[in-house]
Structures are given as C-alpha cells and as structure tokens.
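With chain A's structure known, arrange chain B on it following the hints.
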Amino acid sequence: MAIEYKKILPPSIQVFVVPIALLVVLGILSGLAIRVGFARIGQQRQDVALARQNEGTLSQKEGVLRSIQATVPTYVNTVAASLPEKNPALSMTSQLRTLALSNGLILENIKIGSAVPSGDFSEVNITFGLEGTSPQVVSYLNSIKNLAPVSTVEKAKINQSALGTRADITVRVYYSPFPQKLPSLIEPVKELTEDERNILNRLSALSMPAFTDLQAQPAGTRENPFD
Amino acid sequence: MPAINLLPTELLPSASLLKTARLLRTVLTMGFGIFVVVVLGLVGFFSVNALSLRSSNAKQEELKNSIKSFEQTEQGLVLVKDRLAKVKEVGAKENADNEIEALSGLFGKIPPGVSLTEAVISKDELDSTFVVGDSSVLGQFMAGLITTEGFTKIELLSFSFNPNVGYLVSVAFSSK
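Chains as they are written, first to last, in our numbering: chain A, 1 to 227; chain B, 1001 to 1176.
Hints are computed from structural coordinates only; laboratory data are not their basis.
Glycine included, C-beta positions come from ideal geometry on N, C-alpha and C.
One thing to keep in mind: the hints can contain errors.
Coverage of chain A stretches by chain B, computed from C-beta distances (three or more under 8 Å per stretch; other residues unrestricted) [as the list claims (entries may be wrong)]: (1) 37 to 47; (2) 149 to 161; (3) 181 to 188; (4) 191 to 201.
Chain A extracted, bound-state conformation (with noise of 0.2 Å):
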C-alpha cells in the first residue's frame, strides 16, 4: 500500500502525506476529547455540585432536628391543645365552666352549634348565659382569650337589671386536621422564627384544658357477680 502511493503520488506531495494524515487523527481525537471529555466532566461537575448542596442541605436538618429535639414534645403538646385535630367545643365548654366558677359566676343555657368548615378551619359556635355582677362578667370576657383552645368572642350582650347582670355570650373555637405528609428528606428544614416564638409563649400562656387520664383498674374479685 506505501508503494502504491508512492507510485502514484509526486514527491513534493509525498512528504505531506502523513503529517496530513496525522494531523486528521489529532483532529478527530480532539472533537472527540472535547465533545466526550468536557460534556461529561460538566455534567460530573453538576452532579458534584448537587452532591454537596444536598449534603449541606441534610446536614443543615440533621442539626437543626438535634438541638430542638427536647423542646419539640412541649411544643407539640401546647400547640395541638391551642388549636387541636378535632372538634374542641367539649373542652371548651369545660374551660368555660371553670372559669365562670372561678370567677363565681353562673353559667347556663349552653349552646353548641355545628362545625362550619372555613377554609383550612372548621369553625364551631358556642353560646351561653352568664350571671353575675356587671365587673365580674366583663372581666370573665376579658379572660376568655387566655383559655386554651384558642377561641374569638363573637359577640357579647350585656343586660343589667335589678336581679343582677346577665350576659348571652357567643364564643367560636377553631380546629383543622394535622397534617398529614412530611416534606421531602433533602428539603431543608427551618427553625422557628421569630414572629413563630411570639405566638408559641402566648400559647404556652394560656390555660390549658385539664385532662384527667383514667388509669385501668386491676381485676379484683366481686362476692356477688350479679351486683
């Protein structure tokens, strides 16, 4: 085959044969290098690059999730009290009592009207009679907002006559499911902000229902089974 060449081609173009020849070779592994090199060193670089932000991102949650990690269970149990999963009205009705005892008023007529749903809320009306002196029952509403569940006073109507001061009263209290999903592993996790702590000590302040946990009795022996 190089005789061939030779034979057919003149010197002066001879000479230029394989320096030609190798010059298409460094030409194609170059486009070669360059297309397949770099196009996977870009991408491995993405990839390394997505790689690391992950890695921070997880290492930002881990943190964050160890040093709230004791906090959380207080906060979960004030927060789920402030505004629970379910239907409050019977705890509510129950925080009222008390505070209307503990204010020495009388509370009556109690009312409690069905769930509304509103948006992310469902929404539950109570209404009820109080009877007392005009300084108590003002200063009964007034407490009203320190009462866990949180609640709105709709409206109130205060009457005095010569028996003493009634109020009718409407109070609405809140609640909405939990959620239900976790976010994603890789995404971040915040901590508490500011704005988030404000409202997480007023709740912490306000009177919680008191749940009494009834503790399951030991079988025990009846002289009569019929009694």
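Relative to the frame of chain A, chain B by itself:
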C-alpha cells in the same frame, strides 16, 4: 553501506516544501503532546470528581439515616409550624377582643355613681348604655369615655335624663 538515492534530482521535493513538512511534523508532535497532557488532566479531574461524588453520596446516606432517627422530632416540628401558622390566621380574623378590652378599661375609669345597664359587643363595635346618677360625676365620666383608646370613632348615640334613675348615656365605639 550508505543509502543511495537514485531518483533524479528534479523529482525530489524542493527544500522549502521539505522545511514546511518538517515544521508540520514539529507542530504535530507538540499537538499530540498537548493532547496527551490535556487528556491526562481530564482523566485526573474526572477521577477526583468521581471520588468527591462518591464521598458526598456516602455522607448523604449517613445523614439520611441520622435524619430518619429524628423522624418524630421532624413530625413534631411540622405540626408545630402548621399549628402556629393557623393560630396566626385565627388571630387575624375579626374578633371582639378590642371591644372587650375597651369595656374592661372603661370599668376602671367609671366613677362611683355610674353603672352599666346594657352593652352589645360585636366584632367591630361596642354599644353601651350607662346610668349616671349624679350630674357631678357626669363630666368625669365623659372625660373617661373620650380618653378610651383603640377606636376610630366614639359616637354619643343618646343622652337623656330620667328623674328616677338619672342620666342615661348611650355610646357607640367603632373600630372600623
């Protein structure tokens, strides 16, 4: 034995062409050299990145396992944030807190001889009626009304006199 070139001299390539060909070979040699260096550099860079990626992935797996062990804490935090956001929404709803506070504040300013006979508290208005038994405390009572804070408007709805009870003063406080 020395090499003998039997080609006629006119068939040989000219000296300038030979020089060009030699220069081309030198350039090619340098080009291949640079190519090899660049390829080696790319391979090295690729290897370093691959190691870094592997190490980062291993660290991520380790962190993910650690985070999974804090799942209860994460659930708690998600719940706390959700509740706090919703409590804030409830707090932003219109309510009668301002009106109740105003009425409570008024009670602190009411001089002896003045009593509340009726009050209607709604989300943005407080209508109240007071009985003022004596004209000597009327001025003091009205001054107390005027200094009530947190309302955009305080309106005197009615003012009457009943010889049996005294002065009847109806006032509307509006925060709208």
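Hints, one by one, checked against the model:
Judged by the Cβ-Cβ criterion of 8 Å, the segment 37 to 47 of chain A is covered by chain B as claimed, because 7 of its residues qualify and three suffice. Remark: the segment 149 to 161 of chain A is confirmed as covered by chain B, as 10 of its residues place a Cβ nearer than 8 Å to a Cβ of that chain, reaching the required three. Beta-carbon proximity to chain B at under 8 Å applies to 3 residues in the segment 181 to 188 of chain A; the threshold of 3 is reached and the given coverage holds. Closer than 8 Å: that is the beta-carbon criterion, and the segment 191 to 201 of chain A has 5 residues meeting it against chain B, so the requirement of 3 holds.
Checked against the numbered hints given earlier, this structure breaks none of them.
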